[in-house]
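Residue numbers (this note's numbering), protein chains in the order written: chain A, 89 to 321; chain B, 157 to 571.
Since the hints were derived computationally from the structure, they do not count as laboratory data.
One thing to keep in mind: the hints can contain errors.
[Stated by the list, open to error] For the chain A half of the interface with chain B, some residues (derived, Cβ under 10 Å), not all of them:
hint, residue
1, Arg144
2, Pro146
3, Met161
4, Ala164
5, Arg168
6, Ile172
7, Pro186
8, Ala194
9, Gly196
10, Leu197
11, Arg208
12, Arg210
13, Gly247
14, Ser250
[As the list claims (entries may be wrong)] Here are the in silico distance ranges between beta carbons for each label pair:
hint, chain 1, residue 1, chain 2, residue 2, range
15, B, Gln463, A, Arg299, 38 to 48 Å
16, A, Pro298, B, Leu176, 52 to 62 Å
17, A, His222, B, Trp171, 25 to 35 Å
18, B, Thr562, A, His222, 36 to 46 Å
19, A, Pro298, B, Ala544, 54 to 64 Å
20, B, Gly179, A, Arg96, 30 to 40 Å
21, B, Met532, A, Ser98, 54 to 64 Å
22, B, Trp171, A, Gly130, 37 to 47 Å
23, B, Ala544, A, Lys204, 24 to 34 Å
24, B, Ala544, A, Ala118, 37 to 47 Å
25, B, Ala451, A, Arg162, 37 to 47 Å
[Stated by the list, open to error] Covered by chain A, per the in silico footprint, the following chain B stretches (three or more residues, Cβ under 8 Å):
hint, stretch
26, 190-199
27, 320-330
Backbone N, C-alpha and C define an ideal beta-carbon position, used for all residues, glycine too.
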Amino acid sequence: MIRLRDVRLSIGDPAHGSCARFKLPSFEVAQGEAVALTGPSGCGKSTLLNLIAGLRRPDDGEVSVAGADLAIMRPAQLDRHRGIHCGMVFQTFHLLAPFTAVENVAIGLRVAGRGKSAIRERAREALARVGLGHRLNARPDQLSVGERQRVAIARAIAGNASILLADEPTGSLDPHTGRGVFSLLREVAAEEDRCLLLVTHDAALASDMPRRFDCSTLIQHSGDLQRKEKAAR
Amino acid sequence: MSLLAMAWRYLRFRWLVSLLTVGSIALGVALICGVVALRHEADNALSRDAGLYDLVVGGKGSPLQLVLGSVYHLDSPTGNIDFTEYERLRRDSRVLWAAPIGLGDNYEGYRIVGTEAHFFDLPAREGGGSFFELAHGDTFKDPFEVVLGSYVATSTGLEVGDTFFGTHGLVDLPGAEVHQDFPYRVSGVLAPTGTAQDRAIFGSLTSVWEIHETEERIHSAIQGSALLGSQKERQATAILIRLKAPGLRLWMVDEIGKRSEGIAAIPINEIMRFQRGIIDPVQRALLVIASAVVAVSCLSCLLTLHQAAERRRRDIAILRSLGGSRLEVATLVFLEGIILTAGGVALGLALGHGGLALAAGSIRDATGLVLQSWRMPGSELMALGAIAFCGSIASLFPAISCYRRTPIEELHLTE
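Let the hints inform the model, and build the full structure from the sequences given.
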C-alpha cells in the first residue's frame, strides 16, 4: 500500500542556517496495517507523513502510495490522489470554523472530488460512526475538544480513504479522551482494512499499536551535519 | 456544498467586515451612478426643453437669462418687448410657429404664463401632430380660463372647473399681493411632457394684461398720479419661435438684434454654453471625487480579501490537505471578492438611483428638470463595468497568493 525507497529530502534554507536532511532507506506498510511513528520532536515523523500524503516531494527516491508513484504526478493529480486515498487527522483538529460538523465532513468529501448526490448522506453516516449522529449541525465552537477530534476522524474516514494519517491526534486531549479517540481510530481503520499511520509521543499508545517505526534517525539537522563534515575533513 | 456557497458562508461568518466592504464599494458606486445618471438626465432634460423652440426673443439682457426665464420658467425675464415685434415675426415667412408669453404672476410658485390659444399647436419635433396634448378638459377660450401643466395639477390638486387666484410676482413670497378680483378657472390639464412646461399654468395674454393694467390704475389712483396704462403699448415678456428650418436661426438672431430693441437667443446654444461653462466642470469634479471613492473602495476590498486570506491560511491549507486543488482554493477566495464586488455594485446602484429618485421631485421643483431616475445611460454601464473589473482584479491578488501557498507550514506539520 505504501512504499518508500532511498528517499532523500533537504528541508529548510542552508543560507539561513536552518537546513536539515531527511534520509529514509526503506519503509513499507501493507494494506490494513497499523503503524506508530515514534521518536523525539523534530526527528522526521511528520515529514514522513507529508511525503506519503504528497504534501512534500522527495529530492530523490521513490514514494509509492496506493499503487501510484507520487514523484511523477502533477500537482493537481497529487491533490486529487491525496483526497481519494489519504484521510488526515491533526493534533489541533483543523476544522473549518464557519461550517457545521456535517458540513465539515461534507466539504472534505467535496474537495476530494466525490459525487454530489451522496455527499451529505455519507457525511451523516461518518459522523454517526464516530458517535456524533446527534451533533450534526453543531459548529466547531459548540463542540468539546474530544467531539472536534471525532469530527476530524469522521472527515478522514468519510471518503473511504485507504490510508489514515494521524499526526498527534491525541496531543490536545486529556488522557481519557485521548484514549477514546485512539481506540476509535484503531477501530475504524481495522473495520475497513485501512492503513493507519499514527504519529505519537505517547509511549503507552505506541505500545498498543501492532507495529512501531522509530523515526529518530530520519533527519540530520545542520549542526550535526557540520560536525560530521568537520570530522570527515 | 459548492464553492460559491462556501464563499458565501465565509463572508457571512465575518459579516461585519463583509458588510463594511460592501458598504464602502456601494458608496463609491452610488456616487458614480448618481453623478453619471444625473449628468445624463440633466443633459437630456435641458436639451429636451431647449429643443422646443428655435428662437426666443425678449428684452435686452443676457441671452441665457432670457432662455432660462421664458423656456425653463426659472430666472427672471430680461425685460419686455413690444407686441408689434411678435406680430411682425408671426407674419415672417420663415416662421413656422410663434407665440408671445407674458409673465408676472404665480400660483403656489407655479408661473402663470399668458399666451395665445395657438400656443398649444406647437408642432412636435418628431412624429407630427402637436407637442402639447390635453389630458383633461379643453384649452382656454375666454380670458381667465387656464390650462394647467401636468405637474401643477398633481402638485396643487386643482381639477377642471376649479378656480384660484393668482399672486403677483414670479415666485411665491409671503405677503405678496393676491389678485382677489381676478379668479382663474381651470379649463384643462395638459398631459405630461417631461419638460419645464409641466410646471406652468397657461392662460390668455389678455388676462395678464388686464390684471396688471387694473392694478396699475389702482396704484396710480392711490398715488394720485396720472394713468399711463391705457396709453401704453401692449408688450410681451418674450416671443417663442419655431422656424421652418433650424438653419435659419443664426440669420434671424442677427436680423432681430439689428432691427428691434430686444434680443434673440437660440435656446440650445445658450444651454450648451451654460452646460460647458458651469455644469460640466462641477460634474467633472464630482466624477473625480466619485472615482477616488471607488478606487479607495477597491483598495479596501483588496485589503479585506488579503486580510481574510491571511487569516484563513490555515483553512486554505486544510482544504488542500483534504484534496482540494490550488485552483479550487484560489477560486474560493476569488469568488468571495466577486460576491463582495457584486454586492457593492448592486447596493450602490440601488442607492444611487434610489437617491436620484428621491431627489427628483426637489430637482424638478428647483430647476424644472424632469429626471428619469431609474434609466441607466450607456456611460453609467461603462462606469459600472470598470468598477466590476477593478473589483475582480482586486479579488485576483489574494486568490493568486492562495494559489501559490503550500499548505505544510499552516498545518504545523513540519518538524
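Against the structure, the hints:
| no. | hint | verdict |
| --- | --- | --- |
| 1 | Arg144 | holds (7 Å) |
| 2 | Pro146 | violated (14 Å) |
| 3 | Met161 | violated (12 Å) |
| 4 | Ala164 | holds (5 Å) |
| 5 | Arg168 | holds (6 Å) |
| 6 | Ile172 | holds (7 Å) |
| 7 | Pro186 | holds (4 Å) |
| 8 | Ala194 | holds (6 Å) |
| 9 | Gly196 | holds (5 Å) |
| 10 | Leu197 | holds (9 Å) |
| 11 | Arg208 | holds (9 Å) |
| 12 | Arg210 | violated (13 Å) |
| 13 | Gly247 | holds (8 Å) |
| 14 | Ser250 | violated (13 Å) |
| 15 | Gln463(B) - Arg299(A): 38 to 48 Å | holds (45 Å) |
| 16 | Pro298(A) - Leu176(B): 52 to 62 Å | holds (55 Å) |
| 17 | His222(A) - Trp171(B): 25 to 35 Å | holds (28 Å) |
| 18 | Thr562(B) - His222(A): 36 to 46 Å | holds (38 Å) |
| 19 | Pro298(A) - Ala544(B): 54 to 64 Å | holds (59 Å) |
| 20 | Gly179(B) - Arg96(A): 30 to 40 Å | violated (54 Å) |
| 21 | Met532(B) - Ser98(A): 54 to 64 Å | holds (59 Å) |
| 22 | Trp171(B) - Gly130(A): 37 to 47 Å | holds (41 Å) |
| 23 | Ala544(B) - Lys204(A): 24 to 34 Å | holds (30 Å) |
| 24 | Ala544(B) - Ala118(A): 37 to 47 Å | violated (56 Å) |
| 25 | Ala451(B) - Arg162(A): 37 to 47 Å | holds (39 Å) |
| 26 | 190-199 | violated (count 0) |
| 27 | 320-330 | violated (count 0) |
Checked against the numbered hints above, the structure violates hints 2, 3, 12, 14, 20, 24, 26 and 27; every other hint is satisfied.
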